[in-house]
Amino acid sequence: MNLDKITLDIIENALRNTRNEMDAVLFRSAMSPVIREQHDGFPMICDPQGHMVVGQFGSYISGFIKSWQRGINEGDVFLTSDPYKCGGAISHINDWMVLIPIFYQGELVAWASQFGHTLDIGGPVAGSLPTDATTIFGEGTRIPPIKLYDGGKLNQDALDIILNNSRTPVMNYFDLMAIIAACRTADKRIRELCDRFGKATMLTAFTALLERTHRAMSHLIEQHLPETPVSFEDFVDDDGRGNGPYKMKLTLWREGDKAFFDWAGTDPQAPGPINFFLNEEMFKMFIGVYLIMVFDPQILFNDGFYPLIEVRIPAGSLLQPKFPAALGCRTHALARLFDVLGGALGRQAPELSTAAGYGTSPYLLYNGEDRDGEFFHLMEITYGGIPGRPIGDGMDAHSWWPMFENIPTEYLETYYPLTIESYGSRIDTGGAGLHRGGNGVEKVYRFEVDGSISIHDDRERSQPWGILGGLPGACSEKILIRKDGTQERLPSKISNIPVLAGDKLVYRTAGGGGWKDPLERAPAEVRQDVLRQLVSRERARTDYGVVLDEETLEIDEVQTTTLRAELRAQRGPVEIFTFGPTPALMGVCAV
Amino acid sequence: MSFRLGIDVGGTFTDLLLFNESNGEIFLTKTLSTPLDQSVGVLDGIRKIVRQAGISADSINLILHGTTVATNAVLEGKGAKVGLITNAGFEQILHVARSQTPGPLAGWIIMVKPEPMAPLELTRGISARMDARGRELAPLDEEEAATAIRELAVQGIEALTISFLNAYANPAHERRVATLANELFPYLPVTISTDILPEFREYERTLTTVMNSYVRPKMRVYLNGIQRKLEIEGIPSQFNIVRSDGGVMSLQAAQESPVKTLLSGPSGGAVAAAYIGTLAGYPNVLSFDMGGTSTDVAVSYDGRPNIVRETRVGYYPVKAASVDVSTVGAGGGSIAHVPLTGALRVGPQSAGADPGPAAYGRGGTLPTVTDANVVLGYLPPKLLGGEMELDVEAAAIAVQTIAEALGVGLYEAAQGIIDIVNENMFGALRLVTVQKGYDPRQFALVPFGGAGPLHACALAELAGAWPVIVPPMPGVLSAFGFLHSDIKNEFSQSLIRTLDRLDRSEVISALQHLTEQARVWLAEERIPAEQQEVLHQVDMRYYRQGFEFAVDISPDAFTSETGLAAIIEQFKTIHEQHYGFNLDSPIEIVNVRAIALGKVRQVELTSHEPAGTDASAARLKDEHYIMYRGAPLETAIYDRDQLKPGHVIPGPAIVTQRDSTVLILPGYQGTVDSYLNILIRPVSVGTH
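As they're listed, the protein sequences go chains A and B.
Positions 1 to 591 (the numbering used here) are the ones given, in order, by the first sequence.
Positions 1 to 688 (the numbering used here) are the ones given, in order, by the second sequence.
Because the hints were derived from the structure by calculation, they are not lab data.
Misleading hints may appear alongside valid ones.
[Said to hold, decoys possible] Straight-line alpha carbon distances no greater than 30 Å define the calculated DSSO-like cross-link-like pairs of lysine-lysine that follow: (1) Lys188/A - Lys436/B; (2) Lys153/A - Lys188/A; (3) Lys436/B - Lys153/A; (4) Lys218/B - Lys78/B; (5) Lys113/B - Lys81/B; (6) Lys229/B - Lys48/B; (7) Lys504/A - Lys483/A; (8) Lys188/A - Lys572/B; (9) Lys572/B - Lys153/A; (10) Lys436/B - Lys199/A.
Work out the full structure: start from the sequences and follow the hints.
Right, here's the structure in full:
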């Protein structure tokens, strides 16, 4: 049927509103701070075939539909957490994914889906992200695709088994209900839209929205991707078991309006849990987002352009590990993937590209029994330096992930036996640049009861690179200070370190790389960063060539001009990328 | 005779509404706002309306004033130079903020983050620390504090904020530093976080307090100025400032807590819409205030606007009781464009007031929502009483660029722009209703602002929110709302306790203490005892849940198990209403609160006798056509001032009045009620 353009735009806006409503319902009614305060959850609406028409991580439903053999009916609510049973649509078993088929007048018209990170799903380590797991069996309870509700009827037995395996059953239950409530919001809205526009119009609109993105992307691919292959590589530090670094290498090119993204040259899968089962469709979405963001930021990302992109991932590699490889700590490779993708695209148009950032999702887990003898389990996501950007400096100690928020100190201290001694961004850790990379986080925890902690971070050995003369950001580090004053440096990935009341942890994340030449940054801006204690006077001199008076911090114009000329001469021509030293080999990479 | 005067200072106009308390007569006028010193425009307006009503200025006994002085200072970044003292190790509290970058994925690439209102170089951390229960972990280093205060003073700060972690549980350190600052620099305005907001979550509390400091000097200068001018004019009336939650407070209170006035204007609109709706027989209303650059929507249920405890002003979350107004970045001036994907987008860029839409003939060439309205004939070229004639040709040229980019006709493009903007408005109405568990179809729609009544019929069609109630004075509705405002203040305290381990006496004593504070405040505000009222609330949630609900309670609710059980039931009802489920999980209280009210006498709109259904006497002679779904339709234009109760206006019709235009689409009809509201409904539904 014919659909006029404007009706299509209206439907697009209505779908956007629906998605916003899904988010609102989830964030307001979830219980775990990871979803509620930190917003770790991702809504999606798909057409009947499973193509994503609204969302941000790309659809995995088409794969699910192909493999599901036991019927899809009105009132069904599907639940899964097994990456190996959904083609990597979710990439570790903490993510619980809910799918709801949406029916209108007895016909399947759409799908709603949402997944969220649940706090604990069993296994040997609270939080279910052991840094030393060697198979997925060591990470907790896997839920294969099941009907949690069959035709509207709850499968209480299945739910009981699942919750029985969690250290945090109440919270998981609450979060699951919040995820389902969000999907049901979409269900209601889509049926209302069918009432309003007619079922046939809605189905046509889904297709038309997909086609629209297809056309725009075809144009962007031809304009922005090279016909000659270009490559970029970067590293994940280690696998948490003493192996690494792991190289991730991406080569891209185009043939006509078809683009190729090839991960050949990426290291084999790791013995430890850092493998990232990369869903091809999801990766296509990441590419699309990066290309299209600049040109129509109001667009609803959808799957329409998928046929234009071919993704090749070597089997048995870090990005396509073989069952039953451990996957819990895949965040580092997931984040690094964006650095590599950005770098590869950046070879073509570095002026439009950003540097690399803190490049992971750093976690701290702390658990034990509080003073009332109750089990507690904290999982906190921290952030780091945002890369220097064409539009300006990278933000200090901010989240690279959209909509995530930090947990208020007063919340942590109210609900957990913890004191935060300090929290801010870490001086001199952002790479110098015309636009400075953001500083990493420094947060000092004091544990008030005996317990154990686990740490997940990366970029401890591979610096976030700078672009067009911008310098790399600083690495992350973790220092445990025992009550008696002895200090030990902890690796970036470690589980179940016992801590005693009074011990402190200094948690430092990486900075972002700088964007363009720091010797071009206005001396007044450099001075302001020094006044704000974001950059030291020393680094103003060595990195930016800006000389400040020791007492007044006034700019010495003459010395600055001379020093900048010297630094320019010493350094030679500016490269596209400035990397830190390649991390040294610490152990075998192969299984 | 005694009079009550509402004054709303907007970006372009200052609206004044004078109410005769003895006979209910209302006078209204507008003067040009004077942004450099708003009091000039206010005084002009007072002189004008006093002349118009033929009264002497000293018969005005109460002035209720909505001001944007604080709001503008925040939005324009033109507040005071603020210093901040906080705990050592947390100096970057405002710089790091909540670490959030916007969605979608990669949204950080284009994020623009404004500078903190207390810059990092004017922030000092000093040794002092409380734990979450208010026990001292590290004593206050008074010498360090004094040094910090002196250093900041040398740097030329105009206001000082003190905000410590966990101060809501024990404000001793904050108070001590404030005393030190007062001793050292008696004229430096000092604000401590627990005076503004003694509730937990340090970033929001600190930010709100800093914002208070940031706007305080400007507000002080302004309010002192206006007070002096009123004295010179010989107007002895009591002068109150409208708060963001629709209440009012004294000049003195407003000088101390100007952050509570940030949504002063929009709150008046919501209060008035609730009143108008109730009067017309519809106590549940959605208010819809569409202006040039943005649109405010709000929900009123059972005659009362919904109040929230956190709102946003620009980038900043502000923790202050406010009418729950959601702002959409789209209005009459929003610009339409077609990006690479070939989609039609409207906004967020706006042509603003200058140059404004192409139709204004002030050099604007980009196609706006107003231009689309002009092209379709929804806005007639000559506006009754308006100083402006619209340039239809310029509007058509502008909208034609969209038509060409889309490959459609001019009228289709114009209709598309209107439809997109309406859909976005509908999305906003959704967020304010459905999110809270309401169905928009249970609400009437009250449009106001310059463009609200123009879009309301189409919006109601989308939302199923009937009738549309166009108040008699849609251009000055906020000022009308001010006339209804009670004197109000809130006193709260964070008290985070799970109910199963609750020491009830602790809550009872907190409530008593807060009630006492409320009573003292009401006395200070010189509210007669018979007009005083103190209400109580407790914020509740499931253990560790992220959001809490305010539950209205009686003051003795915590004295018995049955009282407690009743509160739990209330909470569960609200939770079910909002989220659709409840949990078998511990419930905790988070904050307790006393709300002090000084009740004012309600303003009654005069009811008029019906005059028959025939509205033809109000019809203007102009022949006019609108383009409706691709076809020209002859459309009658009516003069609002000539409409009488009982008149029926069949759509399509346009009703013009001084500062607004009402559009009634084909298939709908308007009926004038006894208060001169126009109620628009689908014809098939009938008139009542």
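Tell me, in ascending order, the numbers of any earlier hints that this structure violates. none
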